[in-house]
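Visitor: Residue numbers (this note's numbering), protein chains in the order written: chain Y, 1 to 218; chain P, 1 to 218; chain X, 1 to 218; chain F, 1 to 218.
Possibly wrong hints are sitting among the right ones.
Identical copies look the same in the list; a pair holds intra-copy or inter-copy alike.
No more than 20 Å apart at the CA atoms, straight line, and that leaves these computed lysine to any residue pairs for SDA-like [said to hold, decoys possible]:
1) Lys67 to Gly94
2) Lys67 to Arg112
3) Lys45 to Glu98
4) Lys79 to Ala105
5) Lys67 to Glu95
6) Lys39 to Arg101
7) Lys39 to Asp197
8) Lys39 to Glu83
9) Lys79 to Ala189
10) Lys45 to Thr62
In short, the hints are calculated from the structure, not lab data. These numbers come from a predicted model, not from an experiment.
Number of protein chains: 4
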Amino acid sequence: MSPAPASEMQPADGTLLTARGFRSREALLAAARHLFRTKGYANTKIADITEEAGRALGSFYTYFDNKEAVLEQLAEDFKAEVEDRFAETDLNAGEPHEVVRELCAIYWSSCRDHSAELAAIFQASMLDDHFARRWREIRADARNRIADGIRAVAAAGLATDPDPDVTASALGSMLDYFCYVWLIEGGEADRSSISDDVAVSTMTRVLYRTVFAAPEPN
Amino acid sequence: MSPAPASEMQPADGTLLTARGFRSREALLAAARHLFRTKGYANTKIADITEEAGRALGSFYTYFDNKEAVLEQLAEDFKAEVEDRFAETDLNAGEPHEVVRELCAIYWSSCRDHSAELAAIFQASMLDDHFARRWREIRADARNRIADGIRAVAAAGLATDPDPDVTASALGSMLDYFCYVWLIEGGEADRSSISDDVAVSTMTRVLYRTVFAAPEPN
Amino acid sequence: MSPAPASEMQPADGTLLTARGFRSREALLAAARHLFRTKGYANTKIADITEEAGRALGSFYTYFDNKEAVLEQLAEDFKAEVEDRFAETDLNAGEPHEVVRELCAIYWSSCRDHSAELAAIFQASMLDDHFARRWREIRADARNRIADGIRAVAAAGLATDPDPDVTASALGSMLDYFCYVWLIEGGEADRSSISDDVAVSTMTRVLYRTVFAAPEPN
Amino acid sequence: MSPAPASEMQPADGTLLTARGFRSREALLAAARHLFRTKGYANTKIADITEEAGRALGSFYTYFDNKEAVLEQLAEDFKAEVEDRFAETDLNAGEPHEVVRELCAIYWSSCRDHSAELAAIFQASMLDDHFARRWREIRADARNRIADGIRAVAAAGLATDPDPDVTASALGSMLDYFCYVWLIEGGEADRSSISDDVAVSTMTRVLYRTVFAAPEPN
DNA sequence: TATGAATGAGATTTCATTCAT
DNA sequence: GATGAATGAAATCTCATTCAT
């Protein structure tokens, strides 16, 4: 769908990769993605990644400085793709409820398609200051979008909000952790999965009602 | 045969502790609490805890089997106290908006007063299946409370919700992660703290508007 | 049966014990004996002994310097009693086959009644040079008795043996390890116990035939 | 895909080792063997083994899970070799006394050449149920051979034995512990070593006389 | 004497990273 | 580039022994 990022032909040290090297690097990234999702970031060892990728342990260091660097790469790709998806959509046009729903749908599907990255960076954000900052940056984008929406609604006199930024933080927290719970943790105590439609509708409901202080149309 | 010294106390695990032992155990718990909050659960080593508590490394094992056992104890106390706080309040009486606000206030102050436990168990839930389950249990309480509220509102014909449990999950996720972000992570990219009032008002706003699909009174 | 050894009223440092102290010391010895037999010497911790004895950990050191000292005491009592039992019997009188049988019977019953000491000292002899020497001393008694018997038989012209001491060593090894296997290890792969009679008869058979180079009478 | 380097070897556990790895593994096994014999199994630490082998501590875990695994490997090799040595010899042919002598000679030389394994597994059998079972298995082979011999002698009407299996157990105990005492413990209180010939002759004497109830020929 | 908490040396095990082949 | 063995620092946990009460 999206073209390979320019970074893919170029490892950290700036040198170019041969085709063979390129394949190895991709295999390692794919293995890491898989393991981060299934075992968690902290519980994944370098040796797990190379084994899963069918490569020798030492080969890992040909392409990455350490596990953080892998996540850094994955997080970058993740952020870029989420931004792409938002950019492709005109959130200012259309019926408000539809716009909100579209935003939630993009968020949900991005998280679903990148659950490994979501799991890893969410977890890493709790272990490591660097990734805490990184994660805040990624979160900020959606949060600002929401805050802008709240302000626009207020400007239109449809609802008031004494603190749009904090409300946006709360709604962003809801989106993030709701996705984490259902896509990675495996749901709540009494229910382990939901359909895409229920997920998106629920996220939409909370966002729409909070921003507009009114029920959804129909 | 000989009577227990007056100084003996009965901690959770059923064994008797002398006053001296009781103090050591408390010192270790306090140290763990402090470190879990400041360095995070995973980054805290047993040796850090004993050092902070001014005890020898080996003394840790007089009181706990391992680091998990410390968190288990803290989590238990946390859960018990949050439940106590909720039990003390009659959430069914009074004006709805006030009830919601009260619930949010309890949640926020519980998390604030137990930010160490919140941080630790949140983190541990991502590293360890056991704590993931534990955390789900703790979360379930507030979630069910919210779901009940949504159903009551629907029964009163004030608003509709096609899926109260999932909405409650979303709102619970908001509460949890909002508290985590502001009380432990140190806020968002462009703002590092908020007042209790702003926090509670914001949480209340999201909850109230989502449940009632209407603006707050006044 | 046998009177309390003089050592029982006197701990290692030469001081006398009060009645209370005497009871504690006995409780610890009994506990050690029990644990040495069931868990083995090496696998028994000081804390296990005091717990089994219903005493506080620290009390152990009131009576013994360490675990070795307990075994030393038990071994001493064991050696003394085995020697007593042999001394009570006149091995030179009577029909030869009966004498051999009597010797084996004493050996077997001593080991059976002191299986804890046997287990402990056998094990300790393999871990610790001091007990290896101690065990050799204990073994030497029976071995010399056997060697004397072989020489007497040779002197009587009933059989020859080029190396009575080594043969006695082999027969002593048989006695020791046969007792260990059946009384402590719980028998062989396909049979877990034998009657006293079969045990004694078998030991007798090997000894008698080896010494006399002839079948037992009848 | 790429062919295995010519230097790769196939050790017991199924993984492939490079020549270098093979050498390290052998060095560790040799070091363990040496230390088990001189210091005993229980007194040998993993660090002792790696130091003796001139390897880093961590390297041990490249080849073995723990100390038990090393002994398991040594025990396996030991058992296999003893069985080989017996298999190579036709114990049913020849003059009975020579057959018995041959069996004892094999036993003695096997134990002498594998005194490290003998010491270690003997000791471990007293500390650990797993090795107790293992050791019983290894012992069972010789014991059954002896029991068969006793039955054959009885069938030929040369001697009687009311309980061939228990007699075989006693004779097996003699062989095992006699070898242990003279090859590992360093002999008896008054004599520290014996020649191979005296050892084998003595073992033979006890076995032959017990089984045949008669003096050896000549 | 009795108690049990305190101590810390020592042993095991893990794993990120380096490096020789 | 690829390989996998080598390394050793760090962390966990145990337990004999001491000691204050």
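Visitor: Would you pick out the hints that fail for this structure and give their numbers low to high?
Guide: 1, 2, 3, 5, 6, 7 and 8
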